[in-house]
Amino acid sequence: MDIVRTEAESALIARASDNQIEGPEWLKDLQDAARDEFQSLGLPHRRVEEWKYTDLKSGMRTAFDLADAGGAVDVSADAVMAKLPDGLAEREAYHLIVVNGVLNQGLSETEISGGVEVLSLKDALLANAEWIKPLGAVQQADRDAIQALNLATMQGGVCVRVPEGAKLDKPLHVIFVTTGAGPRAVASRLFFDIGREADVQLIESHVSLEDAPVESNVAGEFIVGSRAKFRHMKMTMDHNDSVHLANFVGRLGEETDYGFFQLVLDGGISRNQFEMRYDGNDAIANISGAALLQGKSHADLTLVMDHAATGCVSRELFKTVLDDQARAVFQGKVIVQPGAQKTDGEMMSKALLLSDDAEFDSKPELEIYADDVLCGHGATTGQIDEDLLFYLRARGIPEKEARALLIQAFFGEALELVEDEAVRDVMIEQAVNWYSKTR
Amino acid sequence: MAAVKETIEHVKEIDVDKYKYGFSTDIEMVKAPKGLNEDIVRFISEKKGEPEWMLEWRLDAFERWKTMSEPDWAKVSYKKPDFQDLYYYAAPKSTEGPKSLDEVDPELLETYAKLGIPLKEQEVLAGVEGARVAVDAVFDSVSVVTTFKKELAEAGVIFCSISEALKEHPELVKKYLGTVVPKSDNFYATLNSAVFSDGSFVYIPPGVRCPMELSTYFRINEMNTGQFERTLVIADKGSYVSYLEGCTAPMRDENQLHAAVVELVALEDAEIKYSTVQNWYPGNKEGKGGVYNFVTKRGDCRGDNSKISWTQVETGSAVTWKYPSCILRGDNSQGEFYSIAISNGMQQVDSGTKMVHLGKNTSSRIISKGISAGKSSNTYRGLVSAHKKASNARNFTQCDSLLIGDQCSAHTVPYIEAKNSSATFEHEATTSKISDDQMFYAQARGLNEEEAVALIVNGFAREVIQKLPMEFMAETQKLIGISLEGSVG
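Protein chains in written order, with this note's numbering: chain A, 9 to 447; chain B, 41 to 529.
Chain A extracted, bound-state conformation:
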């Protein structure tokens, strides 16, 4: 039977065949397998259950050309910093600048005390160190089409190894920069091996030097050792015709403390997908975020918390504000494997709809195979509470301001979860700016 391929699919398949990264034999096998998987799966569409609400087959009409990842790209650190939101560049950090998918050593600060190794993906693969070998195999489940596509087409990325007990004095800030004429595609990867009892903060930001759409495919793999603490904060500053596809998979060791927060502001089609597996007992993970969407933005957050050990805690809180024809998707699944007793899972997704043309689809799932657990989820969808509005107006606050206050209070509840004060302030300012652009 002939498979009808869209233009984008054909281009992506060609890309997967042409762009293998240099590396050891095991990587070649992995990339070949991933390419075949993508070829047989094609772009995800609404008949693929996990992608029911984000149909890339119809959403991605064309695939952009892959951005030039060679050494010819001339970028200055100042130009990159200038693209970051106010305050973020000032946040002291080890800046790791990834230009068109490849870590630019010249612009980056890779000398980090405490024995922390920071390598570009290419160098790490060429060195073929033992710690890099789980790459591509951190996840337990079968790869989906987008994960396979990343593996098959990745241009580069950042590999970090944090030794046992190392506590970083400032965050690692990975800045993904895209540059080049016209719309560009990038595929990049983060690989983190965090030793026992280490303490690491990661700031991830995405910017484009030109005002052009970007199709980015980012994958992150995190192995977090016992009793380590890991914080991950993410912001994207993408053009509104962009496609941003991110996949994060992690394995959490015993008593780890993992926290993730993301702020999504418009940016075309985006999907952030998580698959966190609790391998060790008594680990804690808190994955939260806020999304503020206008225009025709489409933001998807898909999350699997896989409890394979006992006594672990998962907390998720997502707040979404939708205006115009924006659409947001929340799919969160908590799995409690047989024997994962004493699991404590709480998941909450709340959406505020400001327009009748906006749409919010949520699918919070529980899959429980153990009896001594406490799992719950909540999902609400609604509009601004007229009673609250009346309350504020009765106290002399003009309607527009009152609305702004209520919206800020709504997403503020999530933003408060960001522990890093500087990053939190940046996010709050961005969110408030976003709102002031609305009516």
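You may find that some hints are simply not true.
With a straight-line cut-off of 16 angstroms between C-alpha atoms, the simulated EDC-like cross-links for lysine to aspartate or glutamate are [to be verified]:
1. A:K350 - B:D476
2. B:K415 - B:D476
3. B:K428 - A:D365
4. B:K394 - B:E466
5. A:K178 - A:E125
6. B:K428 - A:D332
7. B:K115 - A:D332
8. B:K429 - A:D365
Simulated from the structure, these hints should not be mistaken for lab results.
Use these hints to put chain B onto chain A, whose structure you have.
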């Protein structure tokens, strides 16, 4: 934890060894040959003396069914039925229809007696005001006896078998059949459309409040008989009806397929309350045997201010796959779904509801209580959606699961789709044993531990049990022999 133990004991009672409704009755049956083809469809239609359009309808459904494949998205796994190895028509052999209960085959009456269906009792009850329940008893596929028809007729209510309705009221059947569940809706509904043997038909005329609760007992009897019931309930403007459906099946080694279709139509200001107790044979300890229950149930709140309420108690069947739904088409219409699903042994339940909000100011409420024990799997799967024009749509959903033992599983898969800013949807789901907080709360008020646990377990499913009509509440207890709710009734 005595009450938990008590619950476990109760749940165990639906186990194979104690399945007291596992018997079969020897009554001569008239069967169509095994297998499914166009001739069988024609045979069924001819046996029932159906009009030509009905035959065409069936054949069309059959044509469509041939192109469909069995759905596999539900969280259940089972040996797919061999559709060519089933009988699609079986009717008790009798020369003339019985004119009174005395003429009914005594063995049949005995069957019902074992089930605890008080057919005889009905006659006694007949003289008693206010306690009347009409029974359109279904033995395998054909309605054998219908009582209280006369009294219902006085009220203008039509309550008969669907084959009878096709003869007596073809215009009503033609007007409404397949309008809620289209004949090619899904694999099993399409199969049902092609080969449905019989079922109940209810029509409540405008402004009439049905004088009694209508009740049908289903019973699968003959070996290898697929049951393809078709129920159609129409509540005309301003009317009200409460419909009860209860089921038990005899013990059998081979899996029995039940693929029913239930369609409800509520016109302006009408209300339909549909209650089900399902206790079909769940299979033995290894999961052998047991009924496959693949049912399509859907209600259409077609008129403004109409209301449809589903209440179900699911304790039986090896595999259950059913989602009683409401299409809230009329403005201000309301949909409700109250469910208790108990699974034990190797049972698999994938059940839930769909609330599709289309009209303005529509509201829906979903309360689902899943109790999972043994090695069973219990899934709630539901959809709540608000169409762009469904302003002020409102939904409240609560799905609670209680796990008993560490071999079972409980899942929740809700889909919530809001396409309107004035839609207010709230969804809550919990999975738990009994929480320390609840225990502390109860104990702080002077209850001892045992009493506290009893209170909490009893309270778990109460919201749903209370929604059952009185007659059914008692019947439920008798039928399933488990009572999570000792204090109710």
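Each hint, compared with the structure:
Simply put, K350 (chain A) and D476 (chain B) have alpha-carbon atoms about 12 angstroms apart, close enough for the 16 angstroms limit, and the pair holds. Among the hinted pairs, K415 (chain B) with D476 (chain B) is inconsistent with the structure: their alpha-carbon atoms are about 25 angstroms apart, more than 16 angstroms. Of the supplied pair hints, the one linking K428 (chain B) and D365 (chain A) holds, its CA atoms being roughly 7 angstroms apart against a limit of 16 angstroms. At roughly 15 angstroms between alpha-carbon atoms, K394 (chain B) and E466 (chain B) fall within 16 angstroms of each other, so this suggested pair holds.
Our distance criterion of 16 angstroms between C-alpha atoms is met by K178 (chain A) and E125 (chain A), whose separation comes to about 15 angstroms. Taken as a hint, the K428 (chain B) and D332 (chain A) pair is honoured in the structure, with Cα atoms around 13 angstroms apart against an allowance of 16 angstroms. This hinted pair does not check out: K115 (chain B) and D332 (chain A) have alpha carbons roughly 37 angstroms apart, beyond 16 angstroms. For the proposed pair K429 (chain B) and D365 (chain A), the alpha carbon gap of about 10 angstroms is at most 16 angstroms, so the pair holds.
Of the numbered hints listed earlier, those contradicted by the structure are 2 and 7.
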